[in-house]
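**Student:** Just so you know, the first sequence maps onto residues 0 to 287 in numbering that gives the first Met the number 0.
Everything labelled a hint here was simulated from the structure, so no lab data went into it. This one's a predicted model, so the numbers in the text were calculated from it and none came from an experiment. There's no promise every hint is true.
As the list claims (entries may be wrong) - Computed spacing ranges between beta-carbons, pair by pair:
hint : residue 1 : residue 2 : range
1    : 88        : 54        : 17 to 25 Å
2    : 255       : 131       : 30 to 38 Å
3    : 68        : 91        : 23 to 31 Å
4    : 226       : 247       : 18 to 26 Å
5    : 95        : 60        : 22 to 30 Å
6    : 46        : 22        : 15 to 23 Å
7    : 274       : 123       : 40 to 48 Å
8    : 94        : 133       : 30 to 38 Å
Said to hold, decoys possible - In silico lysine-lysine, DSS-like type, Cα no more than 30 Å apart, as pairs:
hint : residue 1 : residue 2
9    : 34        : 70
10   : 60        : 70
11   : 34        : 60
12   : 282       : 238
13   : 282       : 128
14   : 34        : 46
15   : 66        : 34
16   : 37        : 49
The C-beta atom is built at its ideal place from N, Cα and C for all residues, glycine as well.
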Amino acid sequence: MPEAESYSWAEQVEAGEDGALPPPTEEFNESSGIKTVKEYKHNEDGKVVKVSTRERRKAPKSIAIRKTWRKFGAAERDPPGPNTSNTIVQVEPFYMQFIHNAEQVDQETEEDPLAKLKNQKLVSCRICKGDHWTTKCPYKDTLAPLQEKLQEGEKTAEAPGGAPGTPAPAAASAQPKTGKYVPPSLREGGSKGRGETMQSKRDESATIRVTNLSEDTREPDLQELFRPFGPIQRIYLAKDKNTGVSKGFAFINFHRREDAARAIAGVSGFGYDHLILNVEWAKPSGTN
DNA sequence: CATGAGCGG
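Taking the hints into account, I'd like the entire structure generated from these sequences.
**Tutor:** Okay, structure coming up:
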């Protein structure tokens, strides 16, 4: 709130001869975050008054507090404030544009969105466009989708007169003029073999399934029971997802298949709690 | 009796 004060004699002296007013002063109190501006104006009666305006800092106090932090590391001896040799202070707000799906943006027309969905598969693998989720894509093993694409490419190449405006989908993947990501295994010459670093699934070859467990058997119990046969990689005790109650069976993943085999021989038929355990080789999950 | 969970355009 601007407030007018009477113009003191001492200050009158500072005013210039020709009625010019003294320049405004401005001071900033760092701890309170309040800026005080004092300036001189003529009021309605033509008299000179001093107007002081106080304004609270708009930036959050947390910023002011951060400014008081000591610098450290290579910047330890830097003077306060940003070092212009390695820091850019952006005063203007800056806006970022997020593009969620470039293809969608490109194809954005007035056509009915439902029509678009119509001939679309429910799921489509991002890698091979197959009829499954990407995480399960076995493209390294079966290159059928890629080969289909290549065949399509050959067809369009053989028919140079056909549909000039229509881009061939295979051409896009063969020549990366679209900025689209192509996984290494699908890039040119990448058609052979799987990547050495990528195991396609968990190794289930040393996994056994234990059934007929009593409901109060816990994972540590299983650990104790099977440890004698060899190092164990993982134990999974099936539980109801909501109640946490054991479903009475479990999977034991050994490091070595031979240990698993001995565990089957040793524990199957073993009386545990009041039940007789059944142990067999596990089948990989997802066998519907 | 019984073959794990989760992520998701």
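**Student:** Output the numbers, in ascending order, of every earlier hint that fails for this structure.
**Tutor:** none
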